[in-house]
Every structure is written in C-alpha cells, then in structure tokens.
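In case you want the letters, here they are:
Number of protein chains: 2
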Amino acid sequence: MKLNRLGEFGLIENIRRRTPVGRDVRIGIGDDAASVKNRGDSSLITADLLIEGSHFDLRWTSLRDLGHKALAVNLSDIAAMGGIPDYVILSLGIPAHFDSEDIDAFYRGFEELAAECCVALVGGDTNAAEKLIISVCVIGHSSAKPVQRRGAKAGDDIYVTGTLGDSALGLKLLRRDRRNSTRKGHPAVTLLARHHRPTPRLAAGAQLAKKKLATAMIDVSDGLLQDLGHICRASAIGALIEAARLPLSPAYRALAGKEGCGDALSGGEDYELLFCARRQNRTQIEKLSIRAQVAITRIGACVPADRGIVVLDPSGKAVPMRIQGHDHFKKARLSV
Amino acid sequence: MKLNRLGEFGLIENIRRRTPVGRDVRIGIGDDAASVKNRGDSSLITADLLIEGSHFDLRWTSLRDLGHKALAVNLSDIAAMGGIPDYVILSLGIPAHFDSEDIDAFYRGFEELAAECCVALVGGDTNAAEKLIISVCVIGHSSAKPVQRRGAKAGDDIYVTGTLGDSALGLKLLRRDRRNSTRKGHPAVTLLARHHRPTPRLAAGAQLAKKKLATAMIDVSDGLLQDLGHICRASAIGALIEAARLPLSPAYRALAGKEGCGDALSGGEDYELLFCARRQNRTQIEKLSIRAQVAITRIGACVPADRGIVVLDPSGKAVPMRIQGHDHFKKARLSV
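Protein chains in written order, with my numbering: chain W, 580 to 915; chain U, 580 to 915.
Source of the hints: derived by calculation from the structure; they are not laboratory data. Mixed in with the good hints, there may be bad ones.
Same chains, same label: a pair holds when it works inside one copy or across any pair of copies.
[Claimed, not checked] Once the Cα atoms are required to be at most 35 angstroms apart in a straight line, the calculated DSBU-like pairs of lysine-lysine come out as:
no.: 1; residue 1: LYS763; residue 2: LYS724
no.: 2; residue 1: LYS789; residue 2: LYS724
no.: 3; residue 1: LYS732; residue 2: LYS616
no.: 4; residue 1: LYS896; residue 2: LYS791
Note that the structure is a prediction, hence the values are computed from the model and not measured.
With the hints as extra help, turn the sequences into a complete structure.
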C-alpha cells in the first residue's frame, strides 16, 4: 500500500502493533514520549544519522539490510564503550514513492537485530522526505566503568576484533563490477555481507569493560588509522601498527590483489572494536576472545606521542602515516 | 569559515568546547557514546526529525530561531508527559553551502533554550546533506507517574494552556504578505514569534503530573482537534469543545478576520498542553495556572465516545467534526 493512503498514523499503528511492550518498557510507541526503566545509575547514549546518497545507495542496498545496518552501527558505538544496549528510538524521513512493503522490509531487518540483541524499539518519528533519512538513537547501560578513547598508555598492546577491510573492499568491487561481485559463490559476496550486515561486537565490548582489560576503545567506522588517531589524540600517545599482523579474511586475501592491506588500514565501516590493553593481560585477552566467540588480534603497540602513528610494512619498513579516513565535510561533498 | 575547510572533526571540536560537562554528564561529546547519570528509576524519551522544506523554510526562519524550535518541540513532548528534561542528543545533516557561522547561529538558539531549561547537550552526529536535517532526541525523567493520552473519562473537563492558533495564523500571514507581516509593530510579528520560538510548557506539565491533576495530556503540535482526537481514541471518549471559550491572543483576534477560530481549532504548531481533569479539581487547576505562570483555560468537556468530537460554535450550534490536522503522508507530499 502506498504510504499516502496508509497515512502517518496508520504507519505508526502498524509499527506499534508489531513492537511488544516488555516489562521494562512502561510506555512504548504511541504517546508523546516513551517511559522506560533505568538499569543501573547511569545511561549510555549514542546516535547516528544516515542519509540516502551519502551513507547508503538503494541501488545496491536492500531495505532489509539497511534496517539491520542502521541499528548495528549504533549498537557498535555502545559496544565500543563496553556497554549493553537497552532501548532504541528510530526516526525516518520517507520518500513519497515508498510503499508500506518497503518500510516493512526495513523494519524486519531492524527488528531481527533488535530481537537478537535484546533491544526494545520504544519510539521515534516518521515524516515525508525527498530521500530516505534514518536517525537512530540507542540508550544502554554499562555494568562497569565505560571504556573511553582516552586511557591508553605507551607500552600498551593494540588489538582489533574480527577482520578488517572486508566492507570497504566489498563495496569497491561492487562499484567496479556489480554483476560479477554479487554472483553466487563469488568471494566478493562474503565481503559484501560484511558491508551490508555488520556485527556489533557487544559481547567482546561488555566483557572487556567488565574485566577492566581495555584501557581505551573505539569502534572502527571511519577506517583503522583514523579511528586509531582518535585514541592516540585522546590518550596522548602514538602507535606502531604491524601490517603483517592485520587480520584479513580469506575473501579479502583472495581479492585485494595489489591493493594489499590498504582497505584494512583505512577503508572504514568495519565496525570492529579497536582497543588497547596492558601487556600483562595477553592471556586474559586470549581467553576473552574464546568466550566472546570473536577473533581478537594483536596488531601493534602504543608508543610515545611524539612518534605519531607508524605502520611497519610487511618487509619491516616503517611508514609514517598521515591519517586518512572519512570526514563528512572534507571529502568534497561526498556522494550527495 | 566553510564547513569543508573546518571539517567534521573541527566542527565537533567547536561544539564540544562550548558544551560544558556538568556533574551529571560523566562522558560528554567526543566519545563513542555519552554517559549520563540517571535520575529516578525510569526515563522519558522522545525524538523529532525536522527536514528543510517539509518542517521549516529557511527563507523566513532564521537559524537561531530554528535552533530554539528544534529543541522546544521535543521539550514540549516531555512536558506533555509531565516530565522534566535532562539530556539532549542533536544530529544534523548540513548542506555544503552552509558555513560555520550558520551552524553557530543554530547552536546559539539551541543552547539558549537548553540553558534556560537545564538540559545538557551530550552528543549527536554531523553529516553532509543536500538539505538541512535536524534530528533531536531528548531524555528526561518524571517525578511522578507520567501522564499518558489515555486516562480521561466522560465528565472530565478539557483544558489548554496559553493561546491557540497564533503560530498557524502567523505563518499564513507571512506567506501571504511577507513584507507587511514582518514590519516592526505589526501584530503579525507577535504571532510569528510564537511560530518561530514556541515555549515548552514544562512547569505546567510537571506540576500537573506531580499533583495528579491531569487524567490525560498531549501537546498541541498537529492542531487542537487532531491532538484532541488522539486523547479521545486513547481514552475511548468523545469531546465537546466550546468555540467561544478558546483562548485567543489579542493579535489573533485582531488579525483572524473572517477565518475566526479556524486556526485555533486545527492550525497546529501551538505547542500548548491540552489536558483533561476531574471537575472537582477546578480550583486546584486555577492555582496551578498562577504557580506555573501560564494561562490555563477550560475549553470543554469529555463526553461518551459515541458522541465523537463536537464543537459548539459561538452561537451555540453543535458542529460535528471530521478531525483535520497534519498527517505527514496524507497531505499530498507536503511542501517537499
């Protein structure tokens, strides 16, 4: 059904009906504000605004994947603080040519991940817009002191969860040769799945915070080097990254070709956790990796701030880095 | 300075510097998520998405006013639950032609109201966009049971704070004759101030909740009749409104002409509180009006659901109403 027949209130009612009100959601969708139970004495809050043409392209992103991703990138921010997500607010600007099946597909992707991560959709706003706009705000809590970007010291190890570069390389291949890279069985399909449906590393983040193992943490959204730069600035340290240690997926290795580890270093949208930890905790980190069911790889070490960020290339040559990555204004107008 | 020279991180740093971290904000702008102290055992959460061309027009809205309004409409939702706002998240999609002075003006308007209402800006997201997009999420608490839309009973009185219709009539005059309606001393200027800088009725809302005087409440954003319709549906009641009782400002009376109370009934964007209360509490409501320093006017009564919503015109003639007001999808594509 076209949205202008269903109407805003019909749409809200549709969303409300499929969103159960749980024990901790005292007032859910359909009033002026939601009322939710607080867990613990403080809350974590994060928000992301995703705009069609700038953050996603509906020519190659399904609405169901987009629903997943819009929530995942926010959950990833909560994971990066070592937090546990509880509630989510979703506001949409919807183009007139959308119909209610489109919105259903989006909500299905969104809700599947919400259910998996025990996050309750409690409210939001719906509007007409020329392009799809997705605004998500997640509220969570932390059972321990949240892990900030500051706190790392020279001598700490640097770790990353999962693998790096899959998302950026997948997107690059898709743009270059859409038909081939989406062909069943092609390794690019694995990379693209990582681009479209990133996994927020909630278990690893929460356990790192609870056990006080991470001295500083961030999620890799703008590219490893740029996000490492945020930790370095906030912690007043430098960093030495060993390129040979970067965790690369088999698909990435098969397809990266002469681009090597470029996308792993600065590709962006990995949504893996990048964190620092004291050297004496290496065994504990290994154990945590097994418990959280995600690979955790030591990729370098924190050094004094005056050394900046240096990447040791596979031959052992030190390459000082000018931090690159994603800046929403500096990159000449992006794709908008 | 142009934003593409300042860059996203320069902009975030500018915002961070002018946003003090208070006692209750443990981690503010500049990390993956904010960490804030919870007040009470539950939180109120509300969000609004404002899109250029649909919700505002920069030809006649200053960025400073827009900053005020973007926050005010969210605070109004918290007021409508009888809550107290604490924290705000602000995400912006910013057109490339904006410069940092534009954004400064917006933040100035936003922060002035935030300071006045003791609300702390704790985070958000900034992006490039073709048109200005403003996404606000406010988190608050309630010192009493939040007042919902349901809860009113036939026989209850119906009240509204402040005056109705100013905002819609002001906008109409502005569109009709911009030069004249913005001329200093012209009564339309008073109306337009109400359109551009609505006042969230926080004190009245919180006191109505605390004293358990409101049986149901909503803020008038889509027009009195439409928002009354929400209360009627949620409370399973009908309503009888006496047009002669509608609170109209002197400027409205001077300028409404033959349109009479049309804009007061269904104009929208008043951001006044519409609520129901037991008849025996009339004296208490009067006292509360003085304490909260806002006019509160009794405009009708709740009746059984099967009577629907009826407006008694000034001559005493009953006019059954088809609820009109704002629907973001049904109004043929709005102004987008």
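Hints and how they fare:
1. LYS763 / LYS724: Answer is neither: 45 angstroms inside a copy and 55 angstroms across each miss the 35 angstroms cutoff.
2. LYS789 / LYS724: For LYS789 and LYS724, the Cα distance is within 35 angstroms both inside one copy (8 angstroms) and across copies (34 angstroms).
3. LYS732 / LYS616: The answer is between: 28 angstroms across copies meets 35 angstroms, while 37 angstroms in one copy does not.
4. LYS896 / LYS791: Answer is within: at 34 angstroms inside a copy they meet the 35 angstroms cutoff, but 72 angstroms across does not.
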